[in-house]
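Given the coordinates of chain W, work out where chain B should sit on it, guided by the hints.
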Amino acid sequence: MSLASHLPALQVVIPLIAAPLTVLLRRRNLAFAVVLAASWVALAIAVLLWLQVAEGGTISYAIGSWPPPWGIEYRVDRLSAFVLVLVSGIAAIVLPYSRASIEAEVPPQQHYLFYTMFALCLTGLLGITITGDAFNIFVFLEVSSLSTYVLIALGRDRRALLASYQYLIMGTIGATFIVIGIGLLYLMTGTLNLADMGRRIAMVQGTRPVLAALAFLTVGISLKLALFPLHQWLPNAYTYAPSAVTAFLAATATKVAVYVLLRFYYSVFGGSQVFEQLPMQEMLLLLALAGMFAASTVAIFQTDLKRLFAYSSVAQIGYIMLGLSFDSQSGLTATIVHLFNHGVTKGAIFMLLGGVALKMGGTSLARVQGLGQRMPWTSLGIVVCGLSLIGVPGTVGFVSKWYLLLAAFEKGQWWLVFLIVASSLLAVAYVWRFVEAAYLREPRADTAGVGEAPWSMRLPTAVLVVATLYFGLNTAFTVGSASNAAALLMGGLG
Amino acid sequence: MITPEQAILASITVPLAGALLIALARRTPNLREGITLATATTLLACVLLLLPVVMDGARPAVSLFAVLPGLEIGFKVEPLGILFALIASGLWIVNSLYSIGYMRGNAEAHQTRFFVCFALALAATMGIAFSSNLFTLFVFYELLTLITYPLVTHHGTEKARDGGRVYLGLLMGTSIVFLLPALVFIWYVSGTTDFTSGGILAGKLDPIEIMALLALCVFGIGKAALMPFHKWLPAAMVAPTPVSALLHAVAVVKAGVFSVVKVIVYVFGIDTLSAAGATDWLVAVAGFTIVAASVVALNADNLKRRLAYSTISQLSYVVMAAALLAPLSLIGAVLHLAAHAVGKITLFFAAGAIYTAAHKTEVSQLDGIGRRMPWTMGAFTIAALSMIGLPPAVGFVSKWYMLSGAMATQHWWAVAVIAVSTLLNAGYFLPIIYRAFFVAPAHGPHDHPHGEAPLLMVIALTATAAGTVLLFFLPDVPLTLARQMLNL
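Read top to bottom, the protein sequences are chains W and B. Take the first sequence: its position 196, counted from the start at 1, is 196 in our numbering, and no numbers get skipped. Take the second sequence: its position 174, counted from the start at 1, is 174 in our numbering, and no numbers get skipped.
Hints listed in this document are in silico derivations from the structure and should not be mistaken for laboratory results. We put the beta carbon where it would ideally sit given N, CA and C, even for glycine. Take these hints with a grain of salt, some might be off.
[Said to hold, decoys possible] A partial selection of chain W residues facing chain B, derived with a Cβ cut-off under 8 Å:
| # | residue |
| --- | --- |
| 1 | V392 |
| 2 | P393 |
| 3 | W402 |
| 4 | F409 |
| 5 | Q413 |
| 6 | L416 |
| 7 | F418 |
| 8 | V421 |
| 9 | S424 |
| 10 | W432 |
| 11 | E436 |
| 12 | L440 |
| 13 | V479 |
Next up, chain W with everything else stripped away, as it sits in the complex (with noise of 0.2 Å):
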């Protein structure tokens, strides 16, 4: 078998085997160069199979060459490529940005760690997302997990510690929950491979153990996913959190968990089924309108604007859900390229305030004021991801409200679409809590002769920015990929 086929084996190994080697090195230079060069070999992976998936369809890779579903079943279909190509993609960009962000954020004698634990939690997120099995999916969930209560708790701020800790007792609640489904659904199916559980499951289709595994994993994977009201540890461990690890985690370890909910309702539970057992299309629905309306509602009374930020993506999971609630082709679309759309936005934004946090020294509304004069670009910067989030034309954000909107008019559901718009209004009001404290109040004295953060953090950040918009105005990739995979979840596409 040539290099190609065993792709799916590498896009997984080899930022495992990065973690190690940065522990044996422990020489930050070292670990830095090992860590970046496996995150884009990662990215080069994912784009490969990305592309392998778009020609000839879903690839099937058999670890140690056992058959599924007796063996451990890799499984790339249009949108695990595309989940594969966001999580890589962003930690990719992240990785050479966190140099000197953490540099001021992080104790030197922990820098290698930092690379181990980030080598980690890319391998943890990028397994989840390329796995058929579904206890293999516990198992990544918990590597990333684990290696992301260290990385929050190295912030510099006492506090990470108290995010951290709380992050791990919701994130082990989760986690618990999780392997609870999965148990249930080992029992009835006698199956772990998620492709042979989808068959089997029509068999006990409607019993109690299977509606139970499906309550335990839709609750557990909510809190991983930070669903309202199951959001608490999101806006303390993005705002303690190193400024690399919150910029890393707000673009990828949420959406990864949009990605496990996806695959068990629509590859196992088997989409309809789903909706139609139980009243999950209503309960999703108004949690995703109360995390819409509630989240944004707080993010606009922040004062800090990390956890502005923060709140904020509690309000864009609601969106994602949303589109989940609708069960169609659109709605699906919606959700999925907000994903991506989200990731983007979310990433750069973090990022512009990691830049932000070094210079201004702080990320206060009032430490921040007058960033305009101070740090241009990056203001700039944060305005034009602000639009994206209120979904102005021309920005990522609006393609994704587009579809929302296009799936409530295909439900006839009017009073949903004047729901969806009025929630942006909402966003204006925040993103114009920063603008107004950066344009138009005076700096403050003791930021003085601040400037542009320095060019290995504004970089990596403007690519994303620029992304931002270009991913705005050219969909081919974006909605392309993300219409494939609804569609392929819905049944459409083999």
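Just chain B now, with coordinates in the frame of chain W:
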């Protein structure tokens, strides 16, 4: 020789490039202002190049790329668009002269930012004027809101911040809450948003849906300042006067009514609307806005506030005339686009000149000012006559057509509105003229000797006043374009 297609793209890119050059020339103010004037002249040349082509019946078009299937960024020049572009680009030159005098005369801060944003605003305006579909129009419409925000909040004071909030909140709020759903729905129903002669919705919706959709569109286009979404315009008056003159008497507000006319004529189609009887309520709302805004103007002592409410009232003339759906009134609507532009910019120019020379902002302070500033107040008088609708100013011609259209369709309510509002217009403009020329100046403690404003400003306001008279005698270009729009 450049082709019409290149001229279209140049109309968008020339102001963009101009903005860049202005930013680069920030250290040498004379060069910077030279670039503004050169950019404005080049832009007008591009538009003038397109004018004969369109008047000959051609409809040059460029399509750039599709954002989503059936949703592309594209441009197509049709009669109404070229007229709007002509007004905006032509007045930009005059306004630039005026701005230079104003910004220097008042020693304003952040002048580079001011001129950069101005050039960008013009680029967005051209994009609106030439857009070939509702989606492209929407994109440039939102850009225009965002680009003008720094101009409105130019002074950076508490008042400017509050004004900016109302401005952005209302303009962006209405466009997101009403226009965006309308846009998605139009695309969902017809699979396209292209501006097409006769509309794209014929036979696809029932009368109630058409009425609801029209309401979403006209209220969604907040720039048309239809009540109750008009408050942003008085709020925007915190901006320096050149901004109020070109943007909030011409480019931004005209973009609003222009979009309303475009939507009525090219998206819904006149026949579809009149068959559904979907515009009667709009005639009523616009008529109410005309009268109510005039009443507010009557009681406003601040000159710019009075002018702002006068604008709200005059904009609704255009909306009402378009909603009457009669060919004659539509011609009047198109003509009024031009008539109100030259008239109202003159009035704002005069207000700014008074502020610069005499530091006066209230109507009650203007006793005898005509003797010290005869050119300014002379121009003000001519423009005021145009607003009231008296010859020899172009306002008379447009009002004539609108009135004929209302009578032809027997909309007596509209006729009454026009009559009452003409009286109200006279009621709030004539006292100003009377004070300026016939009341002896009061010698208050704040009084100081002054003459006319800087020469550049006087030249600008004289030129636009001359324009109001000129258009009365030669309204051929806008009339021809209006007829072409209606295929008459």
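Hints versus structure:
1. V392: 6 Å, holds
2. P393: 4 Å, holds
3. W402: 6 Å, holds
4. F409: 5 Å, holds
5. Q413: 11 Å, violated
6. L416: 10 Å, violated
7. F418: 7 Å, holds
8. V421: 5 Å, holds
9. S424: 5 Å, holds
10. W432: 7 Å, holds
11. E436: 6 Å, holds
12. L440: Nearest chain B Cβ about 5 Å off; hint holds.
13. V479: 6 Å, holds
Violated hints, in rising order: 5, 6; the structure is consistent with all others.
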